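Given the structure of chain A, go ahead and fit chains B and C onto it with the hints provided.
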Amino acid sequence: MVMHFPAIITLLALLLFTVTIFAVGAARIKYGVKAPATTGNENFERIFRVQMNTLENLVLFLPSLWLFSEYLSPLWSGILGVIWLIGRVDYMLSYMRSAEARSRGYAISALAFLVLAIGAAVGIVMRIMAGL
Amino acid sequence: MVMHFPAIITLLALLLFTVTIFAVGAARIKYGVKAPATTGNENFERIFRVQMNTLENLVLFLPSLWLFSEYLSPLWSGILGVIWLIGRVDYMLSYMRSAEARSRGYAISALAFLVLAIGAAVGIVMRIMAGL
Amino acid sequence: MVMHFPAIITLLALLLFTVTIFAVGAARIKYGVKAPATTGNENFERIFRVQMNTLENLVLFLPSLWLFSEYLSPLWSGILGVIWLIGRVDYMLSYMRSAEARSRGYAISALAFLVLAIGAAVGIVMRIMAGL
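Chains as they are written, first to last, in my numbering: chain A, 13 to 144; chain B, 13 to 144; chain C, 13 to 144.
The following block holds chain A by itself, in its conformation from the complex (with noise of 0.2 Å):
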């Protein structure tokens, strides 16, 4: 089977965390906000939040990505995980400007989340009943 669409895909969900941890390191300076804190300056924390957020995220996309790749369809399970990565994008670029423009970037992203894991619980069903 031709995983690489998802294999593909988790790289780049890594690259987009990575992308939040610089903007951490980059708002520590910015803000004045010293290792080990990571509260005291609203601007910091809401960059903070992206980044904490991206990773419970991640977290749950990349194993319904890969069982959703195996039950059902790489071609597919690629397919939702760009959308995935663009709610993604733009919650991270939303939410650094205010945290009231989080919403539309989150709702896209558990969206195909939400596909993934239920696609996959459905093929994992179906391979069951299929006696496979």
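If you're looking for bench data, these hints aren't it; they were derived computationally from the structure.
Owing to the predicted nature of the structure, the values given are computational and were not obtained by experimental measurement.
It is possible that some hints are incorrect.
Identical chains blur together in the list; that is why a pair holds if it fits in one copy or across any two.
Said to hold, decoys possible - In silico SDA-like cross-links for lysine to any residue, where the CA-CA straight-line distance does not exceed 25 Å:
| id | residue 1 | residue 2 |
| --- | --- | --- |
| 1 | K42 | S110 |
| 2 | K46 | A119 |
| 3 | K46 | F56 |
| 4 | K42 | I95 |
| 5 | K46 | R139 |
| 6 | K42 | T30 |
| 7 | K46 | G117 |
| 8 | K46 | V127 |
| 9 | K46 | E82 |
| 10 | K46 | R58 |
For chains B and C alone, coordinates are given in the frame of chain A:
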């Protein structure tokens, strides 16, 4: 090899983590803790810690679940996964009530993780010694 | 393909993360920071940041370790994994002493991760260009 059991456990673990994320969202509204803040109300902070702790343990759990499945037994991996899930649900429900009550669920899931990780290590050593 | 080396590295990385979790538990008692609080004492906050940072880097590390193993070489993947582990242990021990000392270990592990991620990307492109 039939990997459906650990695959189902993986999806259930992602579902559990999703529940803890929703609980934080609901607690933001209930206790008036607006994003990006994560402190300021003790009830909110407990629910937030449940989410973070579930994240940490998920990252430990999933790789050991799959290594155990690959190197020892997907069946026993799945059974240990069920025990882990029970411990994490108990932890979540208890910690949301009070910080002191969280120990039992934590211990159950920590034990299941330990058996998975040590079992995986034993499985790898056995495979190497068998020259496979 | 012999995947035992990256499997062993994965278990050691989980062990390292477990150590940072225990360190936070011990620091809670030592510095009197009761759960769910994660702030209030600078020594505790450094040890807590070690745990969170290890978590973030683990989530970046494991997928790139396995993609590199799959697409290029499990042997080199394992060797880069050893370097990553050395960097993370140095980071942990240094940061627990002072926030300034954390750079060296961080740089070593970041470099190992970078080679893993770029190597995996190169491996995927090579595989696609070879028509596999």
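query = Broken hints, numbered, in rising order?
reply = Numbers 4, 5, 8, 9 - these are the hints that the structure violates, sorted from lowest upward.
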